[in-house]
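K.L.:
If you read the protein sequences in the order shown, they are chains X and A.
If you use my numbering, the first sequence corresponds to residues 1 to 197, in order.
If you use my numbering, the second sequence corresponds to residues 1 to 366, in order.
Incorrect hints may have been included.
[Claimed, not checked] Derived coverage of chain A by chain X (criterion: at least 3 residues anywhere in the stretch with Cβ under 8 Å from a Cβ of chain X; other residues may be distant):
(1) 77 to 87
(2) 137 to 147
(3) 308 to 314
[Stated by the list, open to error] Here are the simulated lysine-lysine pairs, DSS-like style, with alpha carbons at most 27 Å apart:
(4) 49/A x 126/X
(5) 189/X x 321/A
(6) 250/A x 126/X
(7) 231/A x 250/A
(8) 189/X x 343/A
(9) 321/A x 126/X
(10) 231/A x 37/A
(11) 295/A x 49/A
In short, the hints are calculated from the structure, not lab data.
None of these values were measured; they are calculated from a predicted model.
In this text, a Cβ means the ideal position worked out from N, Cα and C, and glycines have one as well.
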Amino acid sequence: MSDQDQPKPPQPPAPPPAPAPAAPAAAKEKAPDPLAAEVSSPALERLRAVHGAALVEVRFWAGLPLVEVGREQLVPVMTFLRDDPSCRFDHLSTCFATDVPERAEAPLEMTYCLFSWPTRQLLAVKVRTTAETPIPTVSAIWPSADWNEREAFDMVGIRFQGHPNLTRILLPDDWTGHPLRRDYPLEGKPGDHKVYR
Amino acid sequence: MYQTSELEINMGPQHPATHGVLRLVLRLDGETIVEVKPVIGYLHRGVEKLSENRGYRSVTPLTDRLDYCAAFAENHSYVGAVEKLLGVEVPPRAQAMRVVLAELQRIASHLIWLATHGLDIGAMTIFLYAFREREKCLDLFEGYCGARLTYNALRIGGVPQEFPDGWTEALRRFLDELPTRIAQYETLLTGNRIWRLRTEGVGVIDARTALGLGLTGPTLRGSGVDYDVRKYAPYENYRDYAFDIPVGSKGDTYDRYLIRMEEMRQSRRIILQALEALPDGPILAKVAGRIRPPKGAEAYFMTESPRGEMSVYLVSDGTDKPYRVRFRSPCFNNLQGLPTLSKGHMVADVVALIGSIDIVLGCVDR
Numbered sequence: 001m002s003d004q005d006q007p008k009p010p011q012p013p014a015p016p017p018a019p020a021p022a023a024p025a026a027a028k029e030k031a032p033d034p035l036a037a038e039v040s041s042p043a044l045e046r047l048r049a050v051h052g053a054a055l056v057e058v059r060f061w062a063g064l065p066l067v068e069v070g071r072e073q074l075v076p077v078m079t080f081l082r083d084d085p086s087c088r089f090d091h092l093s094t095c096f097a098t099d100v101p102e103r104a105e106a107p108l109e110m111t112y113c114l115f116s117w118p119t120r121q122l123l124a125v126k127v128r129t130t131a132e133t134p135i136p137t138v139s140a141i142w143p144s145a146d147w148n149e150r151e152a153f154d155m156v157g158i159r160f161q162g163h164p165n166l167t168r169i170l171l172p173d174d175w176t177g178h179p180l181r182r183d184y185p186l187e188g189k190p191g192d193h194k195v196y197r
Numbered sequence: 001m002y003q004t005s006e007l008e009i010n011m012g013p014q015h016p017a018t019h020g021v022l023r024l025v026l027r028l029d030g031e032t033i034v035e036v037k038p039v040i041g042y043l044h045r046g047v048e049k050l051s052e053n054r055g056y057r058s059v060t061p062l063t064d065r066l067d068y069c070a071a072f073a074e075n076h077s078y079v080g081a082v083e084k085l086l087g088v089e090v091p092p093r094a095q096a097m098r099v100v101l102a103e104l105q106r107i108a109s110h111l112i113w114l115a116t117h118g119l120d121i122g123a124m125t126i127f128l129y130a131f132r133e134r135e136k137c138l139d140l141f142e143g144y145c146g147a148r149l150t151y152n153a154l155r156i157g158g159v160p161q162e163f164p165d166g167w168t169e170a171l172r173r174f175l176d177e178l179p180t181r182i183a184q185y186e187t188l189l190t191g192n193r194i195w196r197l198r199t200e201g202v203g204v205i206d207a208r209t210a211l212g213l214g215l216t217g218p219t220l221r222g223s224g225v226d227y228d229v230r231k232y233a234p235y236e237n238y239r240d241y242a243f244d245i246p247v248g249s250k251g252d253t254y255d256r257y258l259i260r261m262e263e264m265r266q267s268r269r270i271i272l273q274a275l276e277a278l279p280d281g282p283i284l285a286k287v288a289g290r291i292r293p294p295k296g297a298e299a300y301f302m303t304e305s306p307r308g309e310m311s312v313y314l315v316s317d318g319t320d321k322p323y324r325v326r327f328r329s330p331c332f333n334n335l336q337g338l339p340t341l342s343k344g345h346m347v348a349d350v351v352a353l354i355g356s357i358d359i360v361l362g363c364v365d366r
């Protein structure tokens, strides 16, 4: 991975710093933003070659490859990303859930930020689901996913199949609702907790 | 004839040794720990939800409140993520100034860790000595940005102001006396028989397990791997400075103690290099008054905070408020390793281990 010794690719594609934020609205769809340019990623190339069918969408922003995979292929893809010699994503930096209600068919999205200490690459993997459909847990691949997935369940309400202990983590056990959903008011709902409100 | 039964006891949330409001449910066999279940969330303020309802610039003060012992590191991580989202290049002078402040913050944070870790295990003397030096760090921060804990000392695109007159001299005076002070702490602890009995062999974790659990920072490096974001994914101009990443060999509490002590010396080394070669030029890049990154822009920015990898993930929907902000806190992930670390140890060792993983509950609960 000698070509990865300079693991800060966002700067080279964007040398003019001022124009990029100055005219974002005009450059929305017409001219592709220089920050959205594809960057070379050995891990992504390997992933495309081996699990190409599992990839729903691949895009880039500021040197970060964003890969969306199908729900069913999540565990094989993640296992591959951890074990393949040119990927070696040994560090699940974080994973978190986002609620995107505009996408009615699969409004909930889980993002996994993977970093590889040996090959120094960063990759974001996304999976979309609904509140009713669980997605498989990756806590068997990276034990660090345990608490992060519990937080995603707590805050957005994604359910994880096979998780060892899927309970609320930050909010009290008798809380109702999921605060990071878009329809959840900022100051909470009356009666969402018995004691504190 | 005789039978023992396991006992479940509660530790915290209001407990002087838990560094905040952390509750632990301990299952004990005699005095040996069978299982530890951390119960967190007592300090949850919904920072991620709050951030979605504010402009990009107004989120920075919120990040101060995450890890209030190292607020600068949190500012840095968030501001860096916004810059990455926008593709803003920070001027070299601002980068070097950020490095100076970040490393000063590391020293301040490690000093408060040393003070409280010592206090937890019963080495009371160290507490006041370490706080004396931390006070000087806080004075320096106050001199720079006016605040002692919640700095808000960064702007998107650079730093808000030059170092004030006389500030770098005061910093140099502090750095001049720091090695003597660290040597003093070491005479109190490093060879101290009681200290070694309380820390050596306590909470041993091997590198593979530690990596899998997502441990970062000195907690991971104690297990013998040199993974440090400043070396492996360098940000600002860390590439320009010579510094070593201390690593441990046994992965116990004593190793993690030695690493943090050495990190203070390395931070001093970095600050001196940065002050020596402080580039001239502007300190703030040109950034639009109203920050509106394009729709679909996403960025992940990793920094090495005093406690480990502090990262921020930002998602934009084209408006002037972030669509999603994710704070990857090192404390949350490091605390996840506590059950593994404390299995089979004594109740009193839990206190040593909480100090050893160096958590701040504001950072855990967000």
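K.L.:
Taking the hints in turn, state whether each one holds.
P.N.:
Consistency of the hints with the structure:
1. 77 to 87: holds (count 4)
2. 137 to 147: violated (count 0)
3. 308 to 314: holds (count 3)
4. 49/A x 126/X: Measuring from Cα to Cα gives roughly 20 Å; hence the hint holds.
5. 189/X x 321/A: 22 Å, holds
6. 250/A x 126/X: With a Cα-Cα distance of about 37 Å, the restraint between residue 250/A and residue 126/X is violated, given a limit of 27 Å.
7. 231/A x 250/A: Roughly 22 Å separates the two Cα atoms, so the pair holds.
8. 189/X x 343/A: 40 Å, violated
9. 321/A x 126/X: 22 Å, holds
10. 231/A x 37/A: With Cα atoms ~34 Å apart, residue 231/A and residue 37/A exceed 27 Å; violated.
11. 295/A x 49/A: At roughly 19 Å apart (the allowed maximum being 27 Å), residue 49/A and residue 295/A satisfy the hint.
The structure is inconsistent with the numbered hints 2, 6, 8 and 10, although it conforms to all the rest.
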